[in-house]
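Chemist: Chains as they are written, first to last, in my numbering: chain V, 1 to 532; chain D, 1 to 278; chain R, 1 to 318.
Treat the hints loosely; a few may be bogus.
[Said to hold, decoys possible] With a straight-line Cα cutoff of 16 angstroms, these simulated EDC-like cross-link-like pairs (lysine to aspartate or glutamate) come out: (1) R/162 x V/471; (2) R/127 x R/50; (3) V/122 x V/173; (4) R/162 x V/262; (5) V/151 x R/50; (6) V/148 x R/50; (7) V/507 x V/531; (8) V/151 x V/74; (9) V/507 x V/281; (10) V/509 x V/488; (11) V/133 x V/281; (12) V/115 x V/471; (13) V/198 x V/74; (14) V/157 x R/213; (15) R/162 x D/242; (16) V/349 x V/217; (17) V/289 x V/98; (18) V/198 x V/131; (19) V/476 x V/350; (20) V/360 x V/281; (21) V/234 x V/251; (22) V/421 x R/40; (23) V/278 x D/242; (24) V/167 x V/199.
Rather than coming from a laboratory, the hints here were simulated on the basis of the structure.
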Amino acid sequence: MDELTRGADGIIRAMLRRGATRRQALGWLGGAGMGLATAGGVLMRAGQALADAPKRGGSIRVAGFSSSTADTVDPARQTLSTDYSRCTMFYNGLTRLDESLTPQPELAETITDDKATVWTFKLRQGVTFHDGKPLTSADVVYSLLRHKDPKVASIAKTLAAQMQEVKATGPNEVQVTLSAPNADFPVVLGTFHFLIIKDGSTDFTTAIGTGPYECKEFTPGVRSIAVRNEQYWKPGKPYLDQIEFFGIPDETARVNALLSGDIQVAGGISARATRQIKAAEGFEVFETKSGGYTDLVIRQDAEPTKNPDLTMALKYLFDREQMRTAIFRGYAVLGNDQPVDPSNRFWCKDIPQRAFDLDKAKFHFQKSGIGTTPLPIVASPAASSSVEMAVLMQDAAQKVGLTLDIKRVPADGYWANSWMKVPLGFGNINPRPSADILLSLFFKSDAPWNESGWKNPQFDQLLLAARSETDLPKRKQMYCDMQSLVHDGCGIGIPLFISILDAHSSKVKGLRPIPTGGLMGYNFAESIWLDA
Amino acid sequence: MSGAVASMRWRLPLIGALGAVVLVFWLAVAVLAPWIAPYPAGHVVDPDGLGPMSWAYPLGTDYLGRDMLSRVLLGARITVGVSLVATLLACLAGVTLALFAAARGGWLDAVLSRVLDALISVPSLLFGLVVVASLGASMGVLIGTAAVIYAPGAYRTARALAVNINALDFVTVARARGEGTFFIMREEILPNMLLPVLTDFGLRFVYVVLLLSGLSFLGLGIQPPYADWGSLVRENLEGLVDGSPAVIMPAIAIATLTIAVNLIIDNLPTRGGASHER
Amino acid sequence: MNAIMARLVVTRVAVSLLTLWIVSILVFGATELLPGDVAEAVLGQAATPDAVAGLRAALHLDQPGWLRYLIWLGGLLHGDPGRSLVNHLPVAQLIGNRLPNSLLLAALTAAFSVPLALTIGITAAVKRGSLYDRTTSLFAVAVVSVPEFLVATLAVLIFAVKLHWLPALSSVRDVHSVEQLLRSFAMPVVSLSFVVMAQMARMSRAALIGTLDSSYVEIARLKGARPARVVLRHALPNALGPIVNAVALSLSFLLGGVIIIETIFNYPGLAKLMVDAVSTRDMPVVQACAMIFCAAYLLLTTLADIAAILSNPRLRTR
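Full structure from sequences and hints, please.
Modeler: Spelled out as structure tokens, the structure:
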């Protein structure tokens, strides 16, 4: 099934769900350039998918990629995707992000704002925590304010800083005043750290939330067992009786566990493992195209990488297609040296795709005057696939006369000691829910994670302006300009956007891609069912 | 007379000769690799990866699409060279210290044994990481690390043997004769434990070959695109599912090397055992 | 004789405690020497200077190294190995969950591999030079030459994924019968045995060959003793020292060196706990694990030395 048909399937299903007639759907497909036979097939599949209604019952075992004594069910302390998957089983947030990263109401039934600065949330009625206590505004206030408490050492402290004041304006209403306008604030609240916990919680040996599952067992570094919350406020959900969730850090072991039936869902697999899974019967690869990438960090404040010609030469040395096939087996989307990916509503498609161009690379390399001096390039398994990228770049660089000296360093301590500290190295950025968050975290001149150390005042201005801009086309243009600036002048090379891959037994159904992460933005627990 | 090495008869049985041939072959490959390898180690010949054996690529291609024959040939330098040197160092150090400890006995033996016990108890992962962090990642450091990790084991094994022999009459006699420590070590004790010591060397050699891939994963010594054979096996492990040559060939290379070394050891002539009491 | 033995044991115990103390200093020093610390490791990519400083203060990492070491040592001497810096669980609990698992795996592997290896080694030495000897020796070397991860992965691929005879993961938790035990542990035990058998088999063969060629064995043979008696009563006791030593070295590997097997079979043992703790610079956990491995090694080597002394009367006077 090619790209077009696969994409069409999803769109048609969504159309049908929203009530389009078959004629309307067929018409759309014809317009999309599909022949009648193919269109008919798509329609049939879509119909069947709708008929595949969720079945209640069953218990599954899911394995993520990490399991250590650092596992936590404290939303403020989550750092790994396995934490996210676990916490979303037990808690809900005020909002939830959908397939296009648009915030949908969750615990907050209605959201209103005044100039994107004062936000008022009316909480859903009738929601209770697992221990029976009803959800009130006090719980929300506590959950949000604790991120600002230094003793809590919340990972989301920076994001929480924008909340100047959080107060309960009623038993079911919360008002948040921001220090500056932010049209994306509901998006922020839909991220994992802002899940809502009980007022006054300090002990996280277990999880008590409003979420689809109750925490029957939680042993950090071993496993957690989630059992259905019979009083869950979403009718009919969740479908499964129980989810056992643990980690199998070794990827081969994880895949083998899936293929031998020990588990039903393997979270986070690499493109290389897809070979084995596709060859086996009864298993599927679940691809989530998203905005995560491994990037080449060319420090603009260090020798010799601050040389703009060298920076350009390096970007031309990316054989993106070769990397896509050789490293990612096709499970990647071409990148254009700027961080906003095609799945994002603000992706600018007008920027010409930079190609693999040895001539241009040679031209810039010679202009840079580096000559035969070997240039160390630091790579690590910590930044996924960076070592392989470095190998391919080294091979290409040789052809234009540039000697790249690969320095592979262990994953151990990479982020603290090498990332952003060496002139030429790699970073690895996980997808972020909004372009604003992404650009603010990694490209703003004074951001602590401004990987290449570039400083562009025009970019900073645009960033701030776009954040409070509520007129959508204007906003889009601003983001387009920012992407151009990064593409042209930033010391970051982004060859590809890496798709997130999971694998599961064909009996597990209901998974739909959400670009914030694998397994439906890690929030898979309430949506999947077992077709045993 | 004891320790009459000259009276050994150097007739190597056929199977030992076979081992020698294989070892010499790999040594030659290690030396000549840069000239005989058809492609550079990092060159992608076929992005589809894990290709089968073919005329163009006799050992297939690896997971990134690089020629396996070249990678195995170039990897021989590291595997053969570093392993031999590191194992020699480890065994030399271990055996010498063990002989010394056994011959002298007393507090020297106790101190040496306890120091080496402590050394072996520091987890090798921790040790490796500290070495990378403080001494950098050159080939010399790699050899040294491997040697230090395996010397205590060689020491322990050799000491157990030496202590046994040291207790025998002829050694006491030699001491009574007034022979010095080094003489006793070299002429009385060592020749009578040669076979077990060499056997231990053969085993330690295997351990070092396999250790290299673990150490280079920590960033010690070998940088991409070069890789030792153990690392070649590890990085192409996904090919095991369809039996790709990329994962099987380096494993076979390792096995041929280690078996060859041990075949030589097994078939070295020993003088009729411990017939030292002539 | 008993007095000598007792003195030996007591001295050894005292010295072992000394060694343990030295090792604790070495391990602490090594962990300190490594770049980065718990705060940076736990926060990973999310380590902003603020967050790191906050976490450091909360974990008392701003105190000088020697002070932290002494505090830890003091706690240990009072029977409290401290709390994990990463998740604040008591180290005793973390270790307590996993130590039995590691011991079980080690015990099963020992039960399987030691008799097998010794039999192979001894019989190969007796039949020295024969086809049997050559084949088993070759086999032993071949088996240890295959990297551990290859053996284990191949086994899982064949027996779990393709044949579905055995589970891909090894879990003590779901074992309720001997049959389940065997099925769950078959692959890890056999994979580990591949690694340790070679040393025991080859070294026992080499040590026994040495004694079989000695004059007193020749005399026993000339006296007309039966071959089995020759081997068991005359040759073996004198080779026992080196043989037991080889067994001890191999077994000491089984507690802390089995990281690859634990990873591939997702087995909740101590080796993995320590590797994780090193990555996160979780000092109390690293120390506790290192102490346990060291103690096990010292115990095994002491037993080996005692066995050597008992079997070789001449050593008793030392």
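Chemist: Against this structure, judge whether each hint is valid.
Modeler: Hints, verified against the model:
1. R/162 x V/471: At roughly 58 angstroms apart (the allowed maximum being 16 angstroms), residue 471 of chain V and residue 162 of chain R break the hint.
2. R/127 x R/50: Not OK: residue 127 of chain R and residue 50 of chain R at ~70 angstroms, beyond 16 angstroms, violated.
3. V/122 x V/173: holds, 5 angstroms
4. R/162 x V/262: Between residue 162 of chain R and residue 262 of chain V the Cα gap is close to 13 angstroms, so the pair holds against 16 angstroms.
5. V/151 x R/50: Given pair residue 151 of chain V, residue 50 of chain R holds - Cα atoms ~12 angstroms apart, limit 16 angstroms.
6. V/148 x R/50: Cα-Cα ~12 angstroms, so holds.
7. V/507 x V/531: holds, 5 angstroms
8. V/151 x V/74: holds, 14 angstroms
9. V/507 x V/281: holds, 12 angstroms
10. V/509 x V/488: violated, 43 angstroms
11. V/133 x V/281: violated, 46 angstroms
12. V/115 x V/471: holds, 12 angstroms
13. V/198 x V/74: Between residue 198 of chain V and residue 74 of chain V the Cα gap is close to 11 angstroms, so the pair holds against 16 angstroms.
14. V/157 x R/213: Answer violated: residue 157 of chain V to residue 213 of chain R is near 75 angstroms, above 16 angstroms.
15. R/162 x D/242: Answer holds: residue 162 of chain R to residue 242 of chain D is near 12 angstroms, not above 16 angstroms.
16. V/349 x V/217: violated, 48 angstroms
17. V/289 x V/98: holds, 14 angstroms
18. V/198 x V/131: holds, 10 angstroms
19. V/476 x V/350: holds, 12 angstroms
20. V/360 x V/281: violated, 47 angstroms
21. V/234 x V/251: Not satisfied, since the Cα-Cα distance of roughly 34 angstroms exceeds 16 angstroms.
22. V/421 x R/40: Given that 16 angstroms is the threshold and the Cα spacing comes to 15 angstroms, the pair holds.
23. V/278 x D/242: It holds: about 13 angstroms lies between the C-alpha atoms, which stays within 16 angstroms.
24. V/167 x V/199: Cα-Cα ~13 angstroms, so holds.
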